[in-house]
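Position chain B relative to chain A; hints supplied.
Each chain is listed here by its residues.
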Amino acid sequence: MSAIAPKFRFSYFIKSILDNAFWAVTLFALIGIPIMMVLFFYFNLPVMNDKLTTPYLMLTTIADPSRQIPLLKSLIHTDFFRITAFPGFGFAALLAAATIFIERKMLAKLQLRVGPFYCGKIEGILQLAGDGLKLISKEIIIPAKADKPIFWAAPVLFVATAAAFVALIPVAGGGWVVADIDVGLLAVFAIIGFFPIITVLSAWSANSKFPFIGGIRALHQMISFEIPLILSVLGVVILTGSLNLSEIVQSQIHYWWIVFLPIGAIVFFIAMLAELERIPFDLPEAESEIVAGWLTEFSGMMYGLVQLGSYVKLYAFSALFVVLFLGGWNGPMVWPPFPEEIIKNGITMGPITARFPGLPLLDQQMLNDTLWFVIKTMGVIFMVLLPRGVFPRIRIDLLLHIGWYKLIGLCFVNIFIALGLLYAGVLGPGGIL
Amino acid sequence: MTTQLPPGLQLEKVDERIMTLNVGPQHPGSGHMRLIIKVDGDYIVSCDPDPGYVHRGEEKMAEYRNYIVNIPHLERPVIHDSCNVLYPYCLGVEELLGLEVPERAKYLRVIASELNRCVYIQYWLAIYGIFLGHSTMFMWPAGDRELLIDLLEKITGARVTHAYFVPGGIRNDVPANFEDMCLKRVNYFEKRIKEYAAIFYDNPILISRTQGAGVLSREDAIRLGTTGSTLRASGVDFDLRKKEPYDAYGELDVHSNVLKDGDSYARSKIPWLDMLESCNIIRQALQKMPKSGSVRVKLKPNPKGGNDEVYKRVESGRGSLGCYIVSRSQPEPYRLKLSVGSFRNLICMPYLLKGEKLGNMPAVYWSLNYWPVEADR
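Residue numbers (this note's numbering), protein chains in the order written: chain A, 1 to 433; chain B, 1 to 377.
Here chain B stands alone, though its shape is the one from the complex:
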């Protein structure tokens, strides 16, 4: 075993025992990124995440398009969570342009974003399952997610890239029998995901593998600036839907799930609990939603913001997702910056993986609720 190593990333030490593994971007267990892992036998000495393989320049692109044209490309970073990615942008632009969103649109936004959160978490869970070698946990969420995708397709017209939220409301109203259809599907979906506990979360082998792997203490979680499920798994009760309610969340009873352990098991369980909570929120929203009314404010063509800047953030599937817009009285934003949860959660990976076994690498890596494309923007 190597002797004392300095903290952080500068762990270069010439030693014949240490082998450098290039995990990614062609590795089945990496995603669109690279991890440079140094191992001593079965123990990880250092881990250096190297994102940036799917950088698309979304922020720069946004400076050349007006506020409406920006909508479809800004949701690309996480197409599975497209409503939530677009949410802070729409909230910001509404504040810049001084738009008041109709009440019905607020509730429909909540429903769409919660459905989208479930779709995203199912996809994340499928990959977590296959990372741990559990092929049934890959197929079940990938199949059950179709249920909600079909529902979203009926609402928005697209399977994954919805472009449903626009500044000033939503693009179109829902179909006629939407409420019954949504309630039925959400109830069935809740019944299905409760079954996952028996095969995955209560599985003794899964517990033995993930419990105690990559423990992130409460202090470290706050210090490293993690967010979302990673933060809440470490015992910090921070959920923007509850702390800074936006749109209709203030009128709904939102329960935020917190676990104290801070290990991979807790981190993998929080999103699943979030899905159950999403089902509750959708049911509440369906009850309280106004039955009719307009869903969108009429916009001027090529709307211009004032000499202003605005920062809005929402709770996405991966945690706090912020959008900072600077306006200089132009139809285009002067500067647009996305602050994403994935990148903030990635930062703690080198700390968590140091000293872990190589077999724990996928369990810790994917439990951080990290989406490579979003981190690169």
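Isolated chain A (complex conformation):
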């Protein structure tokens, strides 16, 4: 007798499928369709077949997939899509999730183990989803003496600040950025300045000793490394002559700034590690000294939110490094062009011909830019993750010594190099003279 499912009956199986189908249809009709109607009301819907699309007419796209393409095309160019999905939070969260998976597998390989393995059959790719479900289902415990409103707000603020950081990063040419402002770099540093405040607020509001020490450590660390972080970027600003991040990328069409300003790049990278609280600079979360630092009292999804925020922050910093020093989205064209005949004639699969009016959704240049941007960003993220397998934790006095003595000195060397290149007439604002 089979031990796997001794009470299995085929009729129960059919019944469960029918039950699920019934609930899916019911919930979609009662909740899904009204939400879609409301959402469509707010979008500028495209003209299809010489008819102005109404929200009601849009529902016919469920039956006719080829009608969805103009809708998607119109959706992609809305601000809502930009903020939530592509250059904004969704894209960043996706890369952050990939980062967590890569970190775990890479560290495991480095340490002669297998890492996540069972969840999701193939090399544990669903481990992150499992961890997320676990965190959501856990109870949230708040210390009795905590300052509750601030304690509740801190994780949300942390994620929100990280998301605001992401909004300033240009991902591809042609305005694929949520907020393209002329003082982009300044805005980035304004947002980075919020992180220590949130950290200290959450640490202090927990009203507990270990978070307090962790918060003070984080404050020391972030403030003393923000100065070299800002100074190291000054060389790029001198050579580019602009604070707009998109213009900084465009100035690197021929040469990346890391070629001329390697010292600045190294200083920025080290300061970035400290800002991100990555090993060897993970003092605010040093578990053998102060339990989990300023994260000690967070539980359940509050902890999950802080982790999400810190990985989104990791993505944003890596992307900023790519934008400033590694030429952003610039790179040779490798994305294959979309075949013309599919756009004109559609794809014939047996008796059915699927037509795609108005393809491609996204142009070839933009996809190529995104590809290069993602490749470079993942490379930088990999370099950020690597020290975790190699270095122990540093001590706070040594950390401050590095920040205040060595890195700031190197920053000035970097600025002198940039000024020298400018006055020697080799390079000038906007790239090669």
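Hint data in this document are derived by calculation from the structure and do not stem from the laboratory. A couple of the hints might just be wrong.
As a list, the in silico DSS-like pairs of lysine-lysine whose alpha-carbon atoms are at most 25 angstroms apart [to be verified]:
no. : chain 1 : residue 1 : chain 2 : residue 2
1   : A       : K109      : B       : K194
2   : A       : K209      : B       : K354
3   : B       : K38       : A       : K209
4   : A       : K145      : B       : K38
5   : A       : K121      : A       : K105
6   : B       : K260      : B       : K242
7   : B       : K194      : B       : K184
8   : A       : K109      : B       : K191
Some, not all, of what chain A presents toward chain B, calculated at C-beta under 7 angstroms [claimed, not checked]:
no. : residue
9   : F391
10  : P392
11  : R393
Every residue, glycine too, gets a C-beta built ideally from N, C-alpha and C.
Just chain B now, with coordinates in the frame of chain A:
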């Protein structure tokens, strides 16, 4: 900063600046014990170790069991180092009962205890690595230690709690191809642990953190009665395998590792050098070991000692480990006392941590080669 404080533990001073931290027993950086640490900013004003959370009453238990039944529970204080923990007890009981250990058993005891020392030090090193935030140094020793654990399992039949030594020899002879297997594994193990130098001991961040942290001078090390790696890191050449050779150690060339600095770095390096030395000792012992012969003397059931008392000590992974047995012509010992290295090394912790930075606490604490369960017995 607070003004002059009296030496020792009585450092109670009411000051708003001073914060009391309860490190342990639920703290990830404490082990089965509690450290009451008072900090002024980032500096430790006082440290009061509070062991006793894993007291098992091994010594009292031993008074109600006969000499053979005592074997399995006496190795519990340090299961990773179970052969060495049992060693002084077996030596003592042999003297009480007047047993002569066969030559082959002496060498096999040396091999088993050196293998066990490596297993223990690997575990200790793994925890030292994770205490300093070096996760690779946690995984590598924990993985490489399996190599020797498998070997010990083939010899003794158990992975960690071997109960291999019995009064009068060892419990059973080794399997047929033991010598080749042991040599091969020990050589590979030596190659692996030499790689640790590149990632851990020569790591500039590790050196910057541990060098000069918690310096224990030669005089203080002797005065406070430290032992083992803590003592040898302070420049005192005291290794019982060399000074008071027991069993087959007298016929082997044992080199004792001594460093002069007395800081956490030296204390963390001595056990690693000991592992390399253990590999040498095992190779020598395998060469000199008699190829055949009995490994155990036949014992009477319920053996009784005379009206006698005996004290024997061996060099364990944490230093000198002594066993004092009082016999009153009974099958059970009248009194049994274990003198353990962990407890002796713990005593110097308040002196070392005073005035250190909080970040140095795990680096100094675990470098003392302290095992909480052994200290509590």
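Each hint, compared with the structure:
no., hint, result
1, A:K109 / B:K194, "20 angstroms, holds"
2, A:K209 / B:K354, "20 angstroms, holds"
3, B:K38 / A:K209, "12 angstroms, holds"
4, A:K145 / B:K38, "22 angstroms, holds"
5, A:K121 / A:K105, "14 angstroms, holds"
6, B:K260 / B:K242, "19 angstroms, holds"
7, B:K194 / B:K184, "16 angstroms, holds"
8, A:K109 / B:K191, "20 angstroms, holds"
9, F391, "5 angstroms, holds"
10, P392, "4 angstroms, holds"
11, R393, "3 angstroms, holds"
Hint violations for this structure: none, all hints satisfied.
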